[in-house]
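Now for the letters of each chain:
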Amino acid sequence: MNALDFYALSVFLIGLGLMGVFLNRDFVKILISLSVLESGVNLLIVSIGYVRGRIAPILFSKELQASAVGKVVDPVPQALVLTAIVIGLGLLAVGLGMAVWMHRRFGTTDVSELKDLAG
Amino acid sequence: MGYIYLAVVLFTGFTAAIAVFSRGRVSSVVALALASVGLTASFYLLQAPDVAMAEAVISAGLSTALFLFALRKMGIRGD
Amino acid sequence: MTKLAVYTFALPLLAGFLMWFVGRLGNRPAKAFSALTSLITTVLAGKVLLSLLKGSSIVVVFGGWRPPLGINFFLDPLAGLWLFSVNVLMFLAVIGSGTRYSWRFYGLLMILLAGLNGLIMSGDLFNVFVFFEIVCLVSFALVAYYRKRESIEAGVKYFVLGSVASSLFLLAIALIYGKTGTLNLAQISYLSNSWPALFKLVVFVLILVGLGVESGVFPLNAWLFDAHPAAPFPVSALLSGIVIESALYVLLRLVGLFFLDKGAVLLVGQTLLLLGVLTFVVAEIVGFYQRDVKRALAYSSAGQIGLMLMAFAVGLSRPDLGSVALVLLFLNHLLAKGGLFLSVGAVSDRSGSRDLDRFAEECAFSDKVVGLVGGLSLVGAPPFLGFWGKVALVFGLLAINMYALVGIVLAVMVLEAIYLMRISSAMLTAKGEGRQDCPGQALSLWVLSLLMLGAGVLAVYGVKKGVDLSRLRFTPKQEYIQTVYDVSAYKGGVDIDG
Amino acid sequence: MLEGINRKYDISGIIASLVVLAFSGLLIYLLYTQIPYGQDKMLVSKDYIKMGVNSTGATNLVTSVVLSFRGLDTLGEVTVLFASAMAVGLFLLPGAGMWQREENFVLRVASRFLPYLIILIGIYIVSQGHVSPGGGFQGGVVISSGLLLKLILKREKESGFGGLVHALESLMGAGFVALALVGLVKYGSFLYSFGPKGVPGTLLSAGVLPVLYAFIGVKVASEFVAILERFTSSGEEDERA
Chain A
6 MNALDFYALS
16 VFLIGLGLMG
26 VFLNRDFVKI
36 LISLSVLESG
46 VNLLIVSIGY
56 VRGRIAPILF
66 SKELQASAVG
76 KVVDPVPQAL
86 VLTAIVIGLG
96 LLAVGLGMAV
106 WMHRRFGTTD
116 VSELKDLAG
Chain B
160 MGYIYLAVVL
170 FTGFTAAIAV
180 FSRGRVSSVV
190 ALALASVGLT
200 ASFYLLQAPD
210 VAMAEAVISA
220 GLSTALFLFA
230 LRKMGIRGD
Chain C
720 MTKLAVYTFA
730 LPLLAGFLMW
740 FVGRLGNRPA
750 KAFSALTSLI
760 TTVLAGKVLL
770 SLLKGSSIVV
780 VFGGWRPPLG
790 INFFLDPLAG
800 LWLFSVNVLM
810 FLAVIGSGTR
820 YSWRFYGLLM
830 ILLAGLNGLI
840 MSGDLFNVFV
850 FFEIVCLVSF
860 ALVAYYRKRE
870 SIEAGVKYFV
880 LGSVASSLFL
890 LAIALIYGKT
900 GTLNLAQISY
910 LSNSWPALFK
920 LVVFVLILVG
930 LGVESGVFPL
940 NAWLFDAHPA
950 APFPVSALLS
960 GIVIESALYV
970 LLRLVGLFFL
980 DKGAVLLVGQ
990 TLLLLGVLTF
1000 VVAEIVGFYQ
1010 RDVKRALAYS
1020 SAGQIGLMLM
1030 AFAVGLSRPD
1040 LGSVALVLLF
1050 LNHLLAKGGL
1060 FLSVGAVSDR
1070 SGSRDLDRFA
1080 EECAFSDKVV
1090 GLVGGLSLVG
1100 APPFLGFWGK
1110 VALVFGLLAI
1120 NMYALVGIVL
1130 AVMVLEAIYL
1140 MRISSAMLTA
1150 KGEGRQDCPG
1160 QALSLWVLSL
1170 LMLGAGVLAV
1180 YGVKKGVDLS
1190 RLRFTPKQEY
1200 IQTVYDVSAY
1210 KGGVDIDG
Chain D
17 MLEGINRKYD
27 ISGIIASLVV
37 LAFSGLLIYL
47 LYTQIPYGQD
57 KMLVSKDYIK
67 MGVNSTGATN
77 LVTSVVLSFR
87 GLDTLGEVTV
97 LFASAMAVGL
107 FLLPGAGMWQ
117 REENFVLRVA
127 SRFLPYLIIL
137 IGIYIVSQGH
147 VSPGGGFQGG
157 VVISSGLLLK
167 LILKREKESG
177 FGGLVHALES
187 LMGAGFVALA
197 LVGLVKYGSF
207 LYSFGPKGVP
217 GTLLSAGVLP
227 VLYAFIGVKV
237 ASEFVAILER
247 FTSSGEEDER
257 A
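Residue numbers (the numbering used here), protein chains in the order written: chain A, 6 to 124; chain B, 160 to 238; chain C, 720 to 1217; chain D, 17 to 257.
In case anyone wonders, no lab produced these hints; they're calculated from the structure. Bear in mind the structure is a predicted one, so any value in this text is a computation, not a measurement. Virtual Cβ for every residue (Gly too), placed ideally from N, Cα, C. Don't take each hint at face value.
[Stated by the list, open to error] Restraint-style ranges between C-beta atoms, simulated for each label pair:
1. Ser-1036(C) - Gly-112(A): 26 to 36 Å
2. Gly-161(B) - Thr-49(D): 34 to 44 Å
3. Tyr-48(D) - Leu-985(C): 23 to 33 Å
4. Val-35(D) - Glu-118(A): 20 to 30 Å
5. Ser-28(D) - Gly-745(C): 26 to 36 Å
6. Arg-124(D) - Gly-112(A): 31 to 41 Å
7. Asp-56(D) - Phe-173(B): 30 to 40 Å
8. Thr-49(D) - Leu-985(C): 17 to 27 Å
9. Leu-1147(C) - Gly-112(A): 42 to 52 Å
10. Gly-112(A) - Val-924(C): 51 to 61 Å
[Stated by the list, open to error] Under the rule of at most 25 Å between Cα atoms (straight-line distance), these lysine to any residue pairs were calculated in the SDA-like manner:
11. Lys-76(A) - Gly-191(D)
12. Lys-867(C) - Lys-76(A)
13. Lys-876(C) - Leu-200(D)
14. Lys-67(A) - Leu-43(D)
15. Lys-76(A) - Ser-148(D)
16. Lys-66(D) - Gly-75(A)
17. Lys-722(C) - Ala-190(D)
18. Lys-876(C) - Val-74(A)
19. Lys-57(D) - Gly-75(A)
20. Lys-67(A) - Ala-190(D)
21. Lys-876(C) - Ser-181(B)
22. Lys-57(D) - Val-762(C)
23. Lys-919(C) - Leu-34(D)
24. Lys-722(C) - Gly-191(D)
25. Lys-1184(C) - Pro-1102(C)
26. Lys-62(D) - Val-74(A)
27. Lys-867(C) - Thr-113(A)
28. Lys-876(C) - Tyr-203(B)
29. Lys-67(A) - Lys-166(D)
30. Lys-876(C) - Ala-32(D)
31. Lys-867(C) - Gly-75(A)
32. Lys-919(C) - Ile-44(D)
33. Lys-766(C) - Pro-212(D)
34. Lys-57(D) - Asp-980(C)
35. Lys-876(C) - Arg-30(A)
36. Lys-876(C) - Gly-75(A)
37. Lys-166(D) - Ala-224(B)
38. Lys-1150(C) - Met-1132(C)
39. Lys-57(D) - Pro-915(C)
40. Lys-57(D) - Leu-920(C)
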């Protein structure tokens, strides 16, 4: 019923993130664009598992447990995205560690200036 | 029901665009946090409570904190 | 035997987790602890390899769930060989790593080993992604270990390219899961026959880019030429020796399983062949002009990856020549490049400069031996594996009548020979009498030289006796699906006892 | 808004944007034709849903998938976090908190009781992981954010959580692998979820899954405290050889 659903949003985020990585020269902004890219892919995975009119995969009641196949959304993409989000945070922590140390050593976090400084 | 979908989608997309294309670093970190909040709402609408909780706590919470601490360590006062 | 395969993955992980405690005792005990762990996993991997060569492929099941439900490892003879050689070089790199590294360095090495072992054996698509992330993240950190200005640029470039690549790979996984509803490689391979052409093309490009960055394929390996020289020498030995090869292994495994149905074999073969030639030619030509020794070796690594890609592409139509060339080139490069980086890296650290004329002053005798033996086998001099690998590749190219290509490849091989021999001769003619930091370095260099010589002798003996290496190849689709589980019987939603 | 940004608008920027635009268009087309939105495309998941509860005992299917059916992913995930904490330890050195100079009354009062409330919430999320939404990852991060207040106010002489945190992190990781190995030795397959299934929906159900999630919770919490400690410290790093 809504043309603009979550597939459109996730592809928009993926495109935005890719553009951000290519266009930006500041390493912190590149990290932000990477986070947007990863969010886009995560949203896409969860929206692939979504089925209209069904509920979350928590079988709290007895009768739900009995006949759950037709009533519940796909749990596997949610498990994958849970892992992917935490991996993204691990990568971000390492990236920010590099950014701080790059700033301390070069005085700037501008990736394009890196070439001649370190060259 | 469709309007909430639309509102969340537009909000997330708009804040993510600000995060990527805005000039200042601190303002784009804040925009990223807002985009994560929008994403949390999207995961809620997609019937994924576990992922919504993880997204809220990790992306909106901790990532933003890490960004701001890193910027603080770089001595940047919210340019 | 399945238990041993799991231990090769679980023990280094346990060692990595416990490294903090061992680190309290100091850096040397940490090094000893990781040397012991990698020795144990090498022995285990050796036993797994022997049983694979004798018996049939192994499927390891996790969590007690049979394949379509749970994650499974899949080991064919090629995977066993890859696993064994990865552990051998890791062990030699750990004992040959001198005395300058902290317990964190060895902790990261152990986690890298666990990640690589898992990556080689995994039979589940998302599981490959997770292990791939472990290997990437640890490689970023290890490249930037020295925190010099130079390793900053290498680390940052590697980080950005690697993160984008892994997101694209995750995107490919999302598309495949959406289309097939499963993550098990055998089931996806079975269902992939019915994929429409456009879908198959997009997923092929995404996987190629996603894994191509880490495996050093031509347009995506810009990071490799800064990262290897800037990294500590044991890390550059491991990066060139096993990390890019394992990423290439997984790329070829996935291509072999998903995209090689009858229509696409020719197209995929041509693309990989073209990419292989481009990677080889560009890397060797640029490598020729390098004054920095470690950078030249990094270009030669990218060149060898190009050769391996070509070997795989040739292997699609002529498996007897192509896959044999792939295995020989891999083993040769692992031993020779691993040895060269371990010796050249240590020597250039001691002499303080990486320039071709001045780096060799601190050469110890064992460095000279590895310089000679490694250089010769990398160039492809007769007795060594490199020779047999390159001959098999050239014959393969001739067999699929790519005559122009053979000309180019031979010419560029001569180029490669020149600049590698420049490095070897610089080491051999060095006057000074260098002393290594610790005896472990000399030991690992001697072991590597003996392995190279031994492999060369074995190859000569094998050729005379006509030993067929055809079992050491990527298991074809049909056989892979049959070994993992009976796909057609699985209808989904049918009640399977847990 | 766009012009002031230090961005490269030369040819490579424009080409890159065009490539990304084309790729996004192709992706949208592919998604809508091959993977229709909102339709039931499940294959293996049907089995997880049908037998998930009575074979693992956890009513939260995502937890049973994360820990039991696809437990190896979570082990790999825990390793990624461990490696990133170690890598951050390489780049940034510990030191005193950065904020103790500005004496902030509100923070000082809040930090006496607020962290313990937040940690309580975190423990609840971890312990209910197999019954209701939540789990080791989300709960662990909540606990670490609770301890963040303490970290920010760390003065020069106050020692951080350094030793304890590393010990906990390593022990939990080793514990997780040990539990998995017990599954291998006794029950024949790595990461086997043994233990009494109990009544699904109650706290003490789903056998070893809550124990595994508790290990993950404490590990994630200590990992992020270690990372945050490095990020909130003003330690000037020395010139390592």
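Exercise for the section: List in ascending order the numbers of the hints, as given earlier, that are violated by the structure. Expected result: 1, 2, 5, 10, 11, 12, 13, 14, 18, 20, 22, 28, 29, 31, 33, 36 and 38
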